[in-house]
Structures are given as structure tokens and as C-alpha cells.
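Q: Heads up: the protein sequence lines correspond to chains A and B, in order.
Sequential numbering from 4 applies to the first sequence in my numbering.
Sequential numbering from 67 applies to the second sequence in my numbering.
The hints are simulated quantities; they were obtained by calculation from the structure and are not laboratory data.
Quick reminder that beta carbons are idealized off the backbone N, C-alpha and C, glycines included.
Among these hints, one or two may not hold up.
[To be verified] Once the Cα atoms are required to be at most 25 Å apart in a straight line, the calculated SDA-like pairs of lysine to any residue come out as:
{"#": "1", "chain 1": "A", "residue 1": "Lys482", "chain 2": "B", "residue 2": "Ile199"}
{"#": "2", "chain 1": "B", "residue 1": "Lys488", "chain 2": "B", "residue 2": "Glu501"}
{"#": "3", "chain 1": "A", "residue 1": "Lys482", "chain 2": "B", "residue 2": "Ser197"}
{"#": "4", "chain 1": "A", "residue 1": "Lys482", "chain 2": "B", "residue 2": "Glu196"}
{"#": "5", "chain 1": "A", "residue 1": "Lys482", "chain 2": "B", "residue 2": "Glu198"}
{"#": "6", "chain 1": "A", "residue 1": "Lys421", "chain 2": "B", "residue 2": "Ala194"}
{"#": "7", "chain 1": "B", "residue 1": "Lys154", "chain 2": "A", "residue 2": "Val475"}
{"#": "8", "chain 1": "B", "residue 1": "Lys233", "chain 2": "A", "residue 2": "His466"}
{"#": "9", "chain 1": "B", "residue 1": "Lys233", "chain 2": "A", "residue 2": "Asp469"}
{"#": "10", "chain 1": "A", "residue 1": "Lys421", "chain 2": "B", "residue 2": "Ser197"}
{"#": "11", "chain 1": "B", "residue 1": "Lys731", "chain 2": "B", "residue 2": "Phe691"}
{"#": "12", "chain 1": "B", "residue 1": "Lys154", "chain 2": "A", "residue 2": "Lys482"}
{"#": "13", "chain 1": "A", "residue 1": "Lys401", "chain 2": "B", "residue 2": "Phe691"}
{"#": "14", "chain 1": "A", "residue 1": "Lys401", "chain 2": "B", "residue 2": "Gly415"}
{"#": "15", "chain 1": "A", "residue 1": "Lys421", "chain 2": "B", "residue 2": "Glu196"}
{"#": "16", "chain 1": "B", "residue 1": "Lys210", "chain 2": "A", "residue 2": "Arg468"}
{"#": "17", "chain 1": "B", "residue 1": "Lys210", "chain 2": "A", "residue 2": "Val475"}
{"#": "18", "chain 1": "B", "residue 1": "Lys210", "chain 2": "A", "residue 2": "Asp469"}
{"#": "19", "chain 1": "A", "residue 1": "Lys482", "chain 2": "A", "residue 2": "Arg440"}
{"#": "20", "chain 1": "B", "residue 1": "Lys233", "chain 2": "A", "residue 2": "Arg468"}
[To be verified] Stretch by stretch, here's where chain B covers chain A in the computed footprint (C-beta under 8 Å, at least three residues):
{"#": "21", "segment": "170 to 177"}
{"#": "22", "segment": "259 to 271"}
{"#": "23", "segment": "451 to 465"}
The primary structure of each chain is shown beneath.
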Amino acid sequence: MTPVQQNRRRFLSSGGCGLGAIALSQLLADDGFAASSPVRSELASDTSSAMARHHFPPRAKNVIFIFMSGGPSHVDLFDPKPELIRLHGQPVPEEFLKTLADPVIRGDARCFGSPRKFTQYGESGMAFSDYLPSLGACADELCMIRSMYTTSSNHDPGQLLMQCGSVLFGHPCMGSWVTWGLGSESKNLPGFVVLLSNSGEGVDAGTALWSNGFLPSNYRGVTFRSQGDPILHLSNPAGVSQRLQRDRLDAVGQMNRERLAQTADPEINARIEAYELAWRMQMAAPELIDFRQETEATRQLYGLNDETTRPFGANCLLARRMVERGVRFVQLYHSTWDDHSDLNNHLKKNTSMTDLPAAGLIKDLSQRGLLDETLVIWGGEFGRTPMHEIRRGTTPGKEGRDHHPFGFTILLAGGGVKSGFVLGRTDELGYHAVEDRVHVHDLQATILHCLGLDHTQLTYRHHGRDFRLTDVAGNVVHKIL
Amino acid sequence: MMQIILFADRRTYQFPALFRNPVFDEAGIRRGLLLAVFLFFSPSASGGDELNRHSDGPPAAQAASASDFQRDVAPILSQRCLSCHAEKARGGLSLHSRDSLLQGGDSGKVVIPGDAESSSLWQRITAASESEIRMPPEGPRLTKQQQDVIRKWIDSGAEWPGGFELKSPLAAAASHWSFQPIVRPNIPPTSGRNIVRNEIDSFVVSRLESEQLSSAPEADPLTLLRRVTLDLTGLPPAAEDVRSFMADHSESAYEHAVDRLLHSPAYGERWARPWLDLCHFADTDGYLTDQPRPVAWRYRQWLIEALNNDLPFDQMTIQQLAGDLLPDSGTDQLLATGFLRNTLSNREGGADLEEFRVEQIVDRTTMLGIGWMGLTVGCARCHDHKYDPVTQTEFFGLYAVLNQADEVNIDAPLPGEWSVSKEQAVVEYRRKRDELVEPVRKALEDLQRAWENRMLEAVAGPGVDPVWDRQWEVLGLVWGGHFGEGQLEGCEIVRTPWSKRSRDEYDRLQDYFLAHGSLIDSAAFSSLKLDALAKQLSELRTAVLWPTRAPAMREARVPRVVNRHVRGDFRVPAETVTAHFPAWLAPSADQSLVLNRLDLAKWLVSPEHPLTARVAVNRMWQGFFGRGIVDPSDDFGLRGQPPSHPELLDWLASEFIRCGWSVRKMHKLIVMSATYRQSSAYRPELRSIDPDNRLLARQVPLRFTADQVRDAALAVSGLLTKRIGGPSVFPPQPESVAKEGYSNVWKTSEGPDRYRRSLYTWVQRLSPYAHHVTFDAPPTNSVCTGRTRTNSPLQALTLLNDPVFFEAAQALARQILAEDAADDLVRVQSLMLRTLGRSPVGGEAAILESYLMQQRSIMAESPGEVRRLISASSESHSTDATPDKSSITAGTEVTTEVTDADRELASWTSLCSVILNLHEFITRD
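Work out the full structure: start from the sequences and follow the hints.
A: Shown next, in the form of C-alpha cells:
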């Protein structure tokens, strides 16, 4: 172990007051990539020091988690249920309800057969709703888990469970755990970035979803904003030109070095580094968000020329450009899929905005040879009931579905998971996951596994206890690897 | 590493005895101290790669080591094996002695001395993570180094010193240092070669001298003034304070400054912060809707005043935990219980009220355990604590006490707010209200009773009638939302017999019923015209100037029966648990009585309690040295780190009790010590001996907390509004920050409220103030006993580019230019004095002057730069405009004429901004 790593561990194992100089930042990870060139082929020369922190050889280097917040309806998008259509309008058969303790999902609602048409795609014959033709066309690149289940039926705890492994806020999210465990490969961008493409309304569980929790704050997700500076305070103060900014940085550096000479405090060195890195971020970010170098074909792939698909598409493209430049973990939000009423129209709207760009991202990553090392995840915190929403009425044509934690679907692509593969199934109504059940903690264990991390060993001491992403649960889903 | 103490044969080490025996010979001290050093540097209990840090330890530590078994092998067995394989003998195997080791377990021998490869112990600890035979079955695998230790030990014959026995953590707890009574240690002798100003120094110096080390010299007076001002008030010293300190040549100049600071109003603001972190104070509910709690600040106000009045710590404890139960309880004592009101409230539709109420009680129990006892009792929510002797039943014994407390808001008029005429207005309100209600009272009350009964039936038998389940749920979800009222207060009123309800409760529930209760009989609602009545009553209520309310706690009217929750799941109750406190810690009040919060608070601050005083002084110490004597400061249990200076900790604890729990006296004692006053200059010669400065051979530079960073910029630039207390404020920040949460709005404050101390910044749990997050403010979900300090480029971006800091630079430049100064150098000196509390040294003045000249020449050529530099302000926050293109490329020149004064202001703004970005500016040296 090198002294640097040793120091790092010492810092990381101590709660309370840390040593900033040692854990300067995920951004200063000792992974030794060239700062000047953001191109992957040049970056890929050195993975040895990063490997040192893996528990075993990784399948994936990066993650793009497309978080469809609000709970997309599995029975209208991925999980066709003829039996549900047959029972449409009838009470839910007793055997489906007997295991329920949930106060919201009560038995007096009627079955609600999906109005959507499903088509089988690709060699695997994976079924997708007619609202998702583009993702369907990627079927042979995708791994679909139809047997997900979770343990919370509220948004806030459900989202926290999915991202942070706990229904209570204050725990580090997956992106924080991963960048803490593996560091970053980018020297001028944050290792963990959050992209919000919702229109105005925030994500239910808020910033807790990309919180570092009790990990050092360097591992918090850095939000790339669609309004104003992409990174908070990235641009110079109003009135300060680039020339003045550089002069200012030089003077700050000179003064800090003068102080370093006087006191020999190593923390000052870290501060000097942090300022230089801040400058590099200022320089790199405009290049990152400048899509002018992208071809027309690429623009079309992401739907950038269409008003409907552009907001989400721009974030998908940004996500690709980020992993290309060594960003380790991208969380990409789209909200909200919380369709308590008028489900059919809302689904149409959300899928129109996201289907093409999400598929475009997968195709683009695949074409560029990046999909092998990038794990893409598409999914929300839970699914939706196979019955009508009972709280807000059942006006014909305006039906909605309620939150449903007992069975739902997510998609995975790349990063070493099987492609053209469907795991598990729900019962005939899409109510309970019944075969190859995958809990949220299992999914998390699997994601970490793909990154070369053992979820039981990636622990952090806090309040006298070793915490981990998967709490005390989680089993790697080997069947999809 | 504590397990070394645990298994240490006391005839050999006598380590625990060191804490109890007030008289010990020099050799005993030395042996104990050496061991303490060794303990400190030996691998941490997390069992990570730290094992190889042995080589980092001081030479003295290695000299103190016993056999390889004791030093290397036993800690691994103790940490990772003995909780199952000692007294419990899982699988018939106990590893507590050589005989039992060699005997093996149900599946045969586990160790073949001399042949690790054939020993099943070795096979199991090296088995793959997924293997069924892996040991330990849970937690991380043993590290490579730990495996090597075991292999070498077995290969070399599995030596085990004769008669040496290990204990499981549980058995070992009986002798754990922090559970022993606090006995005031004797003051150790010192050589006289190092400065000793008070008792603290005797302990620190004696320890240093035993390591053949010396203290650092005292810091220079100006550094010291800046340090102590920041530590006691959270603010840098004002220029006039620096000047008057320099002019005071008396022996007691420093003490004068200390006394002035200890009695300044800012003292209470500074020291409120650790308490607010402890109770995880916030201005909102948390969870999805994260609704505001507009009167949460009343507790903060109480806290600042209590600290400024030096309310003794035992009283602080009693009032915050049980102020409402004191026989002479008044508004002040009720305000104190606001401490317990900072748990989260879930108001999302569908949330199970009881589930989240239970979370609140668990949160309070956890906070109490860590905050007063340094014990992670929260671990015992689901099962007996794995390392500390806290059983799950004991957890629920404490839980049972806190479970009887209900959240209520009280009328608590601010000073000067209330008057006879206002009181009269309330009387008048009630009279008019009666007039309006009277014609329908009988019918209305009958309806309301029926409505309440339906809901109470639903609570008693959930699942029978979802509609009424939902009515109850809604009552709990919406009651007092947006006003920060106790979320379940409405439910509690419904549970209270009508005759026991206060007039206020009667009225408020009636209002709620009129607004939400028509389901019981909508026909009757319309025939009685109750909607119209509701409207009239609502208008009547809003016309009254009610006293300001405040969050508080109240003992439940109907005692709750507490059951242990199987695996921590409130839906799976086990046996009933009565309120009780862990008796192995300290004797408690008569356990035959029904113990309440007041008993609990008194038990915590009884002089017999071994933990409270130790934990409290340790956190104080952390405030002045960056780390506690026990570090981290939240775990005094078996897996926590042992104290670096055990006798000092105990002396401080006993002194704290002796001086009547006066926090201010203890603060003075610490800052007057030579230990505190040492230079923080880096000592390269100590790097290998004491890399973490545990021996305190110098002070340490500490980066400011998030609060201090912003407060300091506001203070030195003259922008800071010095008003103490009051409601939370909304300083400028980019709009997009609040929008990250669910429908949150940040309505930026106007005028002086933009420049209040950060302590008063509104805390929106789900989208916290961005600057605070960047500078390591902790999440507001659970108890925090100490902040981390990172160093990141996002911090650099904030200081460089956040309009708040640039505005401070402009304001500072104006102040400097307004001074009567002969030349640039005088101004530069004044700038340094204001910001860093010292004069320039070395090449600093030259660097700054040359930068100033460079800026002047740019400004002379570019009127556009000048114009933009002097007109920008933090107003630009409010728009979140797309980045100004002019800041990316060189600005387009604006041809408006600028004056020499403008150019000077622009140049000095640049210079001031440089100073505000210096590492030293945000560091307390």
C-alpha cells in the first residue's frame, strides 16, 4: 500500500473531523489520467491504481442510472398481462391480496387491463409496449428484470431505498459509495454527476438522493443544472473576465505558496490543488456541454432536433460525453411517472419524451464501444397497481394506478450484464414478483458487483457501526451476469 | 483496538486500573502511557487494512509490545471471532483459551499447530466471500495482512501464553474504561522544561515528556487572538479588537480578551452550533413534502440565551429533555424541550402515522445515547448491541421513557409581544366564537362525536373500513402542517375525553372538524350550514393577533404501553417493556416507580453516571482542538477508540462536575491552558512519531465550518448584521438550489436579513443551503457530534465565484479605500489586519502590491472591466441567468467614462477578493 492510500484509508476510517488534505477530493483521485485530453482512448492507458481498490476484476467502469422517478407502470410498459385484461373491471381475486399489509393498496379496486399493445422484439422476443418502440428496438442490448420488488410504497422512502439503500435519509447514495470506493478517472470533472431533466418540479426525495450522507462531502453528487451554471458557481462572478479570473487565481496561488513556505502546513498544498482543479473545471465544463462537435446523426439519435425529446435527449448525450471523459457515475432523473389518474395520457407524454433518447444513448454507447464498460440502468422506485387507483376515482378513460411495491420491472444494459435476456416474472396479474425475485438491495449488490466491488466489504464506520449500501441484505443476481 | 484492554491480563498490564487508581508509581504511569500510545496506534477496530500501520506507530509503542500473539493475533480473534466463539461457543467451538482452541469444535480440530494450510481455521478465514464455510460469516473478510498474521501464527506453532484467556466483548465490557466511575486523578509531575499554565498542561506535558517530546512554543499573540476569537465567537477579531489587544501590554492581556469574548453575545451563537448539530435542527419537516416549521427557531433562541447565561450543563440537560416535567416549569423550560422537536415528520399521503412516530422516538433515543453517553444505543433497536452491553430490552427501556412524550406547540409570546389588551382580544374572540357556535352547538357536537367515534373505531381495527382509516390518516398528515405544529396533536386531542380538553384544543379540533368532517353526514352539514359557520370562525380566528407559538413536548395523557419490537419492526411486538435505564452504568431512581423523562435526565447528570461528563468535556475539547480526547467523539463503547489522554479526560470530567457544570468556566480553563495556546505550526519531526497530533505537541490549524466561512467574509467586509436571534432568514443563493427539492421555494430575504450569521439561515432539509453543503454541513436526519472538514474544488468555486463572496470583496474594498491612508502599503497592512488579524510578512506585501499594480494597469486600459466590477452584486443571484458570455471570453468594452475612483475601487475589489480566497482566511491557525 502506498503512503497516499494509507493516509486515505486513515482519513476515511475516521468519523468526526477529517483531514481534508488527504481526502482532497474524488476529483483528485490518484488514478493518474492525463488531464489535457478528455478522449477515452488516451485515458484508458492506466487502470492499475484504480484496480487496487476493486475487490475483484470489474465488468463495468461507469454507471448511468436513468432514474424514472415516480414509479413507471410495469404492466403498461414491460410486463404484458392477458389475464389482467380478461379480468378487467372485476375485483382482484382474493389470493393476490391475502399477503398484503399495506394500508394504501386495498382490495376494493377493480382490475385494470392495460390499454397498451405489446410487441416482441429482437432475437429474445422481449416484450415492450407500443409506447416504447425505440427501447424495443434495442431489445438485444437489454437485460430486463421483471421480478423487482421493494419494501416501501411511498415515493420519498422508496426513492431513498433505491438510491441509498435505506428508507431514511442521511445515508450515502450509490454514486457516493461508488466514487468513494473507486475514485474518479477524470481530472477536471466531478466523479459523480446528477442530471435533472424534470421541468420545474423537483425530485420527490430531493437532494438526499445524491447525498454523501456520512461519507466525506467530496463524494456528494454534483448537480449539473439546466438553468444557470451547469455546476454551481462555475462561471466567474458577474464582471470578472477570464483574464481577471486567471490573474486572481495566480495571486491566490502565490500568496498560498508564500504561506506554505512559512508554515509548512500540508493542507495549504491541498488548497492550492483544489483551486487549480476548480479552474480546470471552469475550462472543461464549457467544452463538455458544447454539442457542436456532435454529428447530425448523433443529434438525431438523441432526438435533439425535436422539442419533445430534446430536454431528456440533451441529458442523455451529456451523460455519454461525461462517461467518455471519465465521470464514474451519472444519475439522470426524469420525473414524474406518478400516474394516479389519466395514466394512459401521462405515460404517452413521458415515453414520448424519453423513449427515443434513452434508446439513442444505448445505441450510441454501443457504437462507440463504450457499452461494455458502462452499465446503464433504467427504472423507478416501484411499479404501479394492476388495479385502478382507488383514491381518485375511476372516470372512464382517466384511470390511474396507485403505487405498487410488490412487483415491477427495470432495464439494464451493458456493463457485463447479459443482453437480450429477461429475468424473472410476476404473477398473472403483474401483482407479485413470483420467480427469481430481486429486491432493491439485490440490484444494488449486483451493480456494485459489476463495478468490481463486494457490497459486503464496501463499508464505512459511522456512529460506531460499519454501514454499507445494502444494509444487512442483498445478494448478487448472478443469473444476469 | 479496545479489545486489547478487554483481553489484557491485568496482572500484566494493569491498564484499566490506571483509571481507577488515583495513586500510581512512576513506572505504572509509564507502562500505562506506553500502552495507551500503543493502543492508539494499533489497528482500528474496523479491522481494515490498518493492521500494517503498526509500522507507523511510535518506536515506544513497539517497545511496549508483548508477544506476537498478544499484539497481533488476539485482536483479530477478539474483533472477529469471539462474539460467537467464546462464552457462546457456537458450533461447540470456543477460542478463549489455548486448551479450548486446540480442542476444536463439533466439526473437529480447527488448528493444527505448525500447519496452517491443513487447519480449518485458516481454510475458513480465507474462503471466498460466497463460500458457505467462510468465517466470519458476516462483515468484511479478514484483510490479507490479518490472514497472514493468522497463518504465521499457526505455522509457528500457534503459541499462546500460559494461562492467558480472552473474553467476548460482552464479558469484557465489565472492565471497559468508560463504564468505570469518574475518579479525579492526581496531577502528574512535569519537568519544568515545558510551559505549564494549568492542570490540563500537567497531563499533556507529562505525557509528552514521557515520550521525550516537548510542547510547541506559544503562538504569537495575534495568531492567538484570532484563534481564540474564532473559537469562542465563531467570528474573526475586528480590526479594533486587534489594535486594542496589541496596545494592551499587561500580563493579563490575553485573559482580558478571553473574558470579553466569553461574555460577548456572539459566544452563545458560536456554541449553539454543536447543540443544533446534535439535535439536527432544521426549519422543515423532512421527507417528501418537507413543509416549513416557521417557529422552529424558538428553540434556537432559547439555546443561544441559555449559553450566554451560562446555564449549567446539568440544567441544560434536564430542561431540554424534560423541561415540561419540572415542578416549576415555565415558558422557558417548555421552550427548552424544543430540543426534542427536531426529528422528522412525514406528511406524505399514505405514510403510516405510527411507523413514522416510532422513527421519531427511535431518533430521540439514538440522539440521547450518542449525545449524552457516547453510546450507539441505536444499534440495539433490532438486536442486542454486538459490542456494547446494551441489550435490546434496555434500548426499549429508554425508548419507553421517550415514547411517553408528545409533540405540542404552545403559546409563547416573545418579550414585549403580549399585553393585557391582546389577552383581552383572545377573551373577546372566544366570546364571539361562542355566540356563533351556540345556535348549533348541540347538533354540531353530536356530529363531531360521531365523527370522532368512527375514526377511533378505525384506529382500533385498521383495515375494516378504508374510508375511515383514511380520515384518521389525513388528520395525522395535515394537522398543523406548514405551521410546524405537532403532527399528531390532532389525533391526541381526539383520543382525549371531551372533559379533559383545553378550551384551545376544543376550538382547534372543532375548526378541523368543520373543515374536514362532512363525511360523517353531509346532509346535516348543509342543513346546519356548517360551511358558512366554518368560514365565519376562520375569519374570526385570523382577525386575532395570537401570541407567537413555539414547539415543545408534553407527557402523553394516556400512557403508551411499550413492547419490544422484534428485529426492530414496530409491527411485530414482543413482550412489554417498562421504562428503565441500563443499571450497569449507574444506579437509577427507584425502578419500581414509573420512570419518566425527568428521571432520565436526572440520571444522566447524576455525578455517579460515568459517561455524561466524560462525553460532554470530550466534545468541548473537540471544539478547541479539532478532535476529541476520544475520537471519534460519538462512540465511547467497546469498539470506540480509547482516549489519547485518559487521566486528562477524567480530570476534566471531574472538574466539570466540581465547578457546577459551568460550560463557560470549562471553556475558559481550556483556552487559558498552554496546551491550547501552543503554535499550530507544522512540526515535520513529529510526522512519523505522531502524524495525527494525538499527543498535542502543537495546536492544529482547522478549516472554518460552513457557518464560519460565510460569517467571516461578511464580518470583515462590514456587511454582517449583528442582531442576535430571531426567525430564520433566506440569504441569496441560486434559485435552482431550492428547486432540487419537491416544490420548495426560497424567497430571498430583503435588507439586513441577507447578511445575518449563517446560524440563522433557513434549514430546508431536502434542499439545504448550497454553501453549507459545500463546506461540510452534516445532513439533518440524525445526531451529529462533529463535522468533517474536506477540501474541494467546489469550495474554491464558491469562494471565487459565489456573488455573496464577491459582494463581500467589493464592500471590503470600499471600507479600505475609505480609510485615511498614506499609501498602498498602509492599506495593504490594514487589509491584512482586518482579514487575517496580522501584518504582512515575507514576500506577502510585495505580492499583493504587485498584483494591485497589475490590476490598475488593466483597469486603466479597460473601462468595461471597471464598470462591471464595481456594479456587480449579489442581486445577480436572484435571476439564475445563463452564464454571462462576457465572463467566458474577454469582455466587450463599454465606452462609458469611468472615474479614477472607480478604477481604484475595481482594483481593490480584485485585491480583496484574493485575500478572501486565501487558505489562511478560512483557517483558524
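Q: Indicate, hint by hint, whether the structure satisfies it.
A: Evaluation of the provided hints:
With a C-alpha separation of about 22 Å, the suggested pair lysine 482/A and isoleucine 199/B falls inside the 25 Å cut-off, and the hint holds. Proximity of lysine 488/B to glutamate 501/B is assessed by CA-CA distance (about 20 Å); at most 25 Å being required, the pair is judged to hold. With a CA separation close to 17 Å, the supplied pair lysine 482/A and serine 197/B stays within the 25 Å bound. Annotation: proposed proximity of lysine 482/A to glutamate 196/B holds, straight-line Cα distance about 15 Å (limit 25 Å).
Distance restraint check for lysine 482/A and glutamate 198/B: the Cα-Cα separation of roughly 19 Å lies within the 25 Å cut-off, and the hinted pair is therefore satisfied. Simply put, lysine 421/A and alanine 194/B have alpha-carbon atoms about 24 Å apart, close enough for the 25 Å limit, and the pair holds. With a CA separation close to 22 Å, the supplied pair lysine 154/B and valine 475/A stays within the 25 Å bound. Proposed proximity of lysine 233/B and histidine 466/A is supported: the alpha carbons are some 24 Å apart, at most 25 Å.
For the proposed pair lysine 233/B and aspartate 469/A, the alpha carbon gap of about 22 Å is at most 25 Å, so the pair holds. Distance hint between lysine 421/A and serine 197/B is fulfilled; the C-alpha atoms sit about 24 Å from each other, no more than 25 Å. Restraint check for lysine 731/B and phenylalanine 691/B: the C-alpha separation of about 17 Å stays at or below 25 Å, so the hint holds. At most 25 Å may separate the alpha-carbon atoms for a hinted pair to count; lysine 154/B and lysine 482/A exceed this at roughly 37 Å.
Among the hinted pairs, lysine 401/A with phenylalanine 691/B is inconsistent with the structure: their alpha-carbon atoms are about 63 Å apart, more than 25 Å. Among the hinted pairs, lysine 401/A with glycine 415/B is consistent with the structure: their alpha-carbon atoms are about 21 Å apart, no more than 25 Å. In summary, the hint linking lysine 421/A to glutamate 196/B is supported, as the alpha carbons are separated by about 21 Å, within the 25 Å threshold. Taking the CA atoms of lysine 210/B and arginine 468/A, the gap is near 22 Å; set against the 25 Å cutoff, the hint holds.
A distance of roughly 23 Å separates the Cα atoms of lysine 210/B and valine 475/A; the hinted pair therefore holds under the 25 Å criterion. Between lysine 210/B and aspartate 469/A, the direct Cα distance comes to roughly 19 Å. Compliance with the 25 Å bound is thereby established for this hinted pair. For the proposed pair lysine 482/A and arginine 440/A, the alpha carbon gap of about 11 Å is at most 25 Å, so the pair holds. Straight-line distance between C-alpha atoms of lysine 233/B and arginine 468/A comes to about 21 Å, which keeps the hinted pair within the 25 Å bound.
Remark: the segment 170 to 177 of chain A is confirmed as covered by chain B, as 3 of its residues place a Cβ nearer than 8 Å to a Cβ of that chain, reaching the required three. Look at the segment 259 to 271 of chain A against chain B: 11 of its residues bring a Cβ nearer than 8 Å to a Cβ of that chain, three or more, so the hint holds. Residues of the segment 451 to 465 of chain A with a Cβ under 8 Å from some Cβ of chain B number 5, which satisfies the need for three, so the listed coverage holds.
Checked against the numbered hints given earlier, the structure breaks hints 12 and 13 and satisfies all the rest.
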